[in-house]
Structure formats: C-alpha cells, structure tokens
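2 protein chains.
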Amino acid sequence: MKRKICVVGIGPGSAEEMTLRAARALEAADVIAGYGVYNELVRPLYPDKEYIETPMRREADRCRMAIDAAVSGKTVALISSGDAGVYGMAGLMLEMTEGMEDIEVEVVPGVTAALSGGALLGAPLGHDFAVISLSDALTPWEDIEKRLRLCAQAGLCMAIYNPASHRRPDYLARACDILLETLPGGTACGAAAHIARDGETARVMTLRQLRDFPADMFTTVFVGNANTRVIGGRLVTPRGYKSKETRE
Amino acid sequence: MKRKICVVGIGPGSAEEMTLRAARALEAADVIAGYGVYNELVRPLYPDKEYIETPMRREADRCRMAIDAAVSGKTVALISSGDAGVYGMAGLMLEMTEGMEDIEVEVVPGVTAALSGGALLGAPLGHDFAVISLSDALTPWEDIEKRLRLCAQAGLCMAIYNPASHRRPDYLARACDILLETLPGGTACGAAAHIARDGETARVMTLRQLRDFPADMFTTVFVGNANTRVIGGRLVTPRGYKSKETRE
Chain F
28 MKRKICVVGI GPGSAEEMTL RAARALEAAD VIAGYGVYNE LVRPLYPDKE YIETPMRREA
88 DRCRMAIDAA VSGKTVALIS SGDAGVYGMA GLMLEMTEGM EDIEVEVVPG VTAALSGGAL
148 LGAPLGHDFA VISLSDALTP WEDIEKRLRL CAQAGLCMAI YNPASHRRPD YLARACDILL
208 ETLPGGTACG AAAHIARDGE TARVMTLRQL RDFPADMFTT VFVGNANTRV IGGRLVTPRG
268 YKSKETRE
Chain S
28 MKRKICVVGI GPGSAEEMTL RAARALEAAD VIAGYGVYNE LVRPLYPDKE YIETPMRREA
88 DRCRMAIDAA VSGKTVALIS SGDAGVYGMA GLMLEMTEGM EDIEVEVVPG VTAALSGGAL
148 LGAPLGHDFA VISLSDALTP WEDIEKRLRL CAQAGLCMAI YNPASHRRPD YLARACDILL
208 ETLPGGTACG AAAHIARDGE TARVMTLRQL RDFPADMFTT VFVGNANTRV IGGRLVTPRG
268 YKSKETRE
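Residue numbers (my numbering), protein chains in the order written: chain F, 28 to 275; chain S, 28 to 275.
Incorrect hints may appear among the rest.
Some chain F residues judged to face chain S by a derived CB distance under 8 angstroms, without partners named [stated by the list, open to error]:
id, residue
1, 43
2, 48
3, 113
4, 117
5, 119
6, 122
7, 136
8, 156
9, 158
10, 159
11, 165
12, 177
13, 183
14, 201
15, 259
16, 267
By construction, these hints were calculated from the structure, which means they are not laboratory data. For every residue, glycine included, the Cβ atom is placed at its ideal position computed from N, Cα and C.
Please model the entire structure based on the sequences and the hints provided.
In structure tokens, the structure reads:
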C-alpha cells in the first residue's frame, strides 16, 4: 500500500498565515514531525496529534523517524516554518525517500519569511530579488560572499535569511561590508523579526545602519535596490508603473 | 476617520492555497478590486461583493478606483495573484497613497508562484535563489540580461516569471541562451503552468530543452544550480544535509 508523507510549510508562525491546504494536511495527520520551536507553534492547534521532534542539525534523523512512522501505517506531516522548500525539509525528504516506491511525498507550500517579512515592512521585494542565507553550516562562506557581491552588482533586492546566530554574531556586518563595496550606504533596508509571533518587530534603516543592527536567528533582513525608498515609514521597491505613467 | 485598504495576495489560484488571513480580508471587504482573471478566481467564493476591474497595464487606474471606494467609506481589498508584494500591487498602492494621512494600507502576503510551482515540481529552490521577471514592459531588457548572467555566475537557482507572452514569444529562448554562456546544457530545470488551476502542469527538463519549451504567460520557469537533480521525476536542489552527513 502506498504511504504518503506531506511536507508542509506552515508560514511564519500564526494559524492565520497558514494556507487552508496546510491546515488540512495537519488536520489529516496522525503524526506531526518538526523542529521543537515549530512543533510548539502548531501544538496548541492540534493538541491530540503524536509529535516527533529532533533538535536542529538532526534533520536527517527527523526524516528517518517520519519515514518509519509512515511505513508503520501512520499519516505523517513533516513541518517547516515558512515554505516547505525554501531552506525547508522538502528537498531532504525527497532525497531520503529516493527509490522507496511505496512512499509518496507531497509538498505543501507556505508563506516564506521573504514574503511575510516583506509585507510587514511594506513591499521591499516589488522587483527582481534574491534570497540568500548567511548560514555557513552547509555552504562555504566564500560562496555566500560571491553571491552577495554578484547580487549587488545585478541590482537585485535581497531577502537575507539567518543573518546571525550565537555562533556567528558578526556575519551580518561582514555581509553588509561586502554589499557596501557596490551599494551606497544610504540604500534603503529593513529587518523583520518574530514575524506573526509574539514580539513581532519591523524596522526600516539604511544599509550603513543595517551593518551594526543586532539581528538574531529570528530576524529576516531586506536590502533594497537603487529605486527602493521609504514611504510613510514603509519600505517600497517600485516596479515602475508610476514612473512609467509619468513618462508617457 | 481612518480608511483601510488591504492589498491581498490570493496565492496561485485555488481557495485552499489562500491563507486564512487573506480569506478573512476578502470576507471583510465591501469591494474587491483586481485584474479580470484574478477577480474571476475569487468571485465564486465571494459572489456578493462589489468588483472593480481594470485591464492589464491599467494598474494605476485600478489603484485610483480602489482609493476612491475607500474614501467613500467602503472596505476595500485589492488583490494580486500569488503574493501582494512580488510583482504585485502592494508597492504601487503604497506609492499612490503617499501623503494620504487618512488611508492605511495593510499588506497581506500570499504564496507566490516560485513557492507553489516549486512545490509542484519538488523542491527546486532548496538553496539560495533569485526571482527574475522577463517582462520588459517596465524594465530595460539589458538589465534583465545582466541579472540572468550574474545570477548564473553566482550559482543561484532561479524562478523566472513572465517567461513569454504573445508580444515576446522568444524571450525564454533569449534568456536561456544567456544562461547557457555559464551553465551546462544539462542543468536540471522545470516549468509549472496554471498552478492550482484547471489545466495545471509540471514538467522537468534540461536547460537545453527549456530553451525551446513553449512557455506562456501562465508559466513559471525554474533553473537549478550545479547540485540540482531529478529524483523520481521531481526537481530537487539539496541544501547539503545529506552530503554533509555522508562526509562526517
């Protein structure tokens, strides 16, 4: 019999930012597997489920436990905060079930922090943009540096994930120093933290100020392009409609 | 009295891919303003609302009519497909209400096609990625070319929006030719069309095949990085967990 594992993006944190499809996948599950912080976000909504939990950096163990539960006949939802695919668990689960003909993996998308944090700040990603993680746990720092440098040269807006952690307190400053090689210090930037959770904050600032901003692992950082500006306290990257209309 | 306009990302198309927050914003609205195709997606769910509609390229008119409705005392939801901020209406509405002290603009995020199309294909955006539109209606083609070239050099995965239209039948081929200067022809790619709507399709292919793929304006295209591979027919960009584990 074919077993199904749903990898579900639960959005930024609150029940109302979840899609109906994600909510239905959790409702239908016998077992919910996730990182502790994310399990605690959904547990109040689905208190009667069985929960599987492993710490950060034990993602492969988490997948293995989810697969075992599915093989034993249980319906499993493996959750990621934000989207299931953007630095989420969908790819790893697809890798780990490779060749298992009797397991079907369904990926349920969700609102990733680039979108939820962007909405909170205004519309910083209104034109072409890049999403880059500063975590070098799984990516060489040289690759991250190169990406930041080329994206700045390309004039892309950026959403920067994992800007800092206890182990990497200075990574955001290092990243900003690279961006400042190309972008003016006055470039409009922003930071959103604890999006859709207790303690939610949004701050608009310049790239120079961002360099020394005390971001943590719950912060998502936004870097504007040359046209990004602050309108009534909101960070806005125009797509060009208004300026085009003026020209015509 | 303060008037509120919600700019709402309705997701890819089906009601179940909408967030609960987006559904509540539409439910609370007297007036729903949007492009015709998107209005028709939500009208069956909210048949009793007043609808404001303008054609494509009349986005500023649409905003103006939405603002007029809000000023007249109505609760207004301005909708974008996907996310409200990613090539959506949030930025334009924030620009057009600049200085209007009695209008508050709330941005409600949604699942953009990079995420919904990615989930349909597997997990192509599992590592750093860029979102680039090939529409040169509001952006010089030279800028688009430069972004494609630099993103390929940066090793970013890509989600490409607006890959073609009646007016621009050869733009995807032109874009692929630029990418092929840097990336191997065998790079794993994909295309998703009519996501979460009637006629939904997902296709996995190589970059060389993508060059001649008949994309249209309802297609979102995905380009992998050097590690992206096809697993059981799904497009997967590993983040590195599995390979890391093997190394340890």
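Taking the hints in turn, this is what the structure says about them:
Interface hint status for residue 43 (chain F): upheld, as the beta-carbon distance to the closest one in chain S is roughly 4 angstroms, under 8 angstroms. With a cut of 8 angstroms, the hint placing residue 48 (chain F) at the interface with chain S holds, because the nearest CB-to-CB distance is about 4 angstroms. Taken as an interface hint, residue 113 (chain F) checks out: its beta carbon lies about 6 angstroms from the nearest beta carbon of chain S, inside 8 angstroms. Checking residue 117 (chain F) against chain S by beta carbon gives a least distance of about 4 angstroms; that is within 8 angstroms, so the hint holds.
Checking residue 119 (chain F) against chain S: minimum C-beta separation of about 5 angstroms stays under 8 angstroms; hint holds. A distance limit of 8 angstroms between C-beta atoms decides the matter here; for residue 122 (chain F) the minimum to chain S is near 5 angstroms, and the interface restraint holds. The beta carbon of residue 136 (chain F) comes within 4 angstroms of a beta carbon in chain S, closer than 8 angstroms, and the hint placing it at the interface holds. At about 6 angstroms, the closest approach between the beta carbon of residue 156 (chain F) and any beta carbon in chain S falls short of 8 angstroms, and the interface hint on this residue holds.
Proximity of residue 158 (chain F) to chain S holds as hinted, the smallest CB-CB distance being about 6 angstroms (cut-off 8 angstroms). Checking residue 159 (chain F) against chain S by beta carbon gives a least distance of about 5 angstroms; that is within 8 angstroms, so the hint holds. For residue 165 (chain F), the suggested interface contact is upheld, since its CB lies about 3 angstroms from the closest CB of chain S, less than 8 angstroms. Restraint check, residue 177 (chain F) versus chain S: the minimum CB separation of about 4 angstroms is within 8 angstroms; hint holds.
Using the Cβ-Cβ criterion of 8 angstroms, the hint placing residue 183 (chain F) at the interface with chain S is satisfied: the shortest such distance is roughly 6 angstroms. Contact between residue 201 (chain F) and chain S, as hinted, is not supported at the beta carbon level, the nearest pair being about 16 angstroms apart and thus beyond 8 angstroms. At about 6 angstroms, the closest approach between the beta carbon of residue 259 (chain F) and any beta carbon in chain S falls short of 8 angstroms, and the interface hint on this residue holds. Using the Cβ-Cβ criterion of 8 angstroms, the hint placing residue 267 (chain F) at the interface with chain S is satisfied: the shortest such distance is roughly 4 angstroms.
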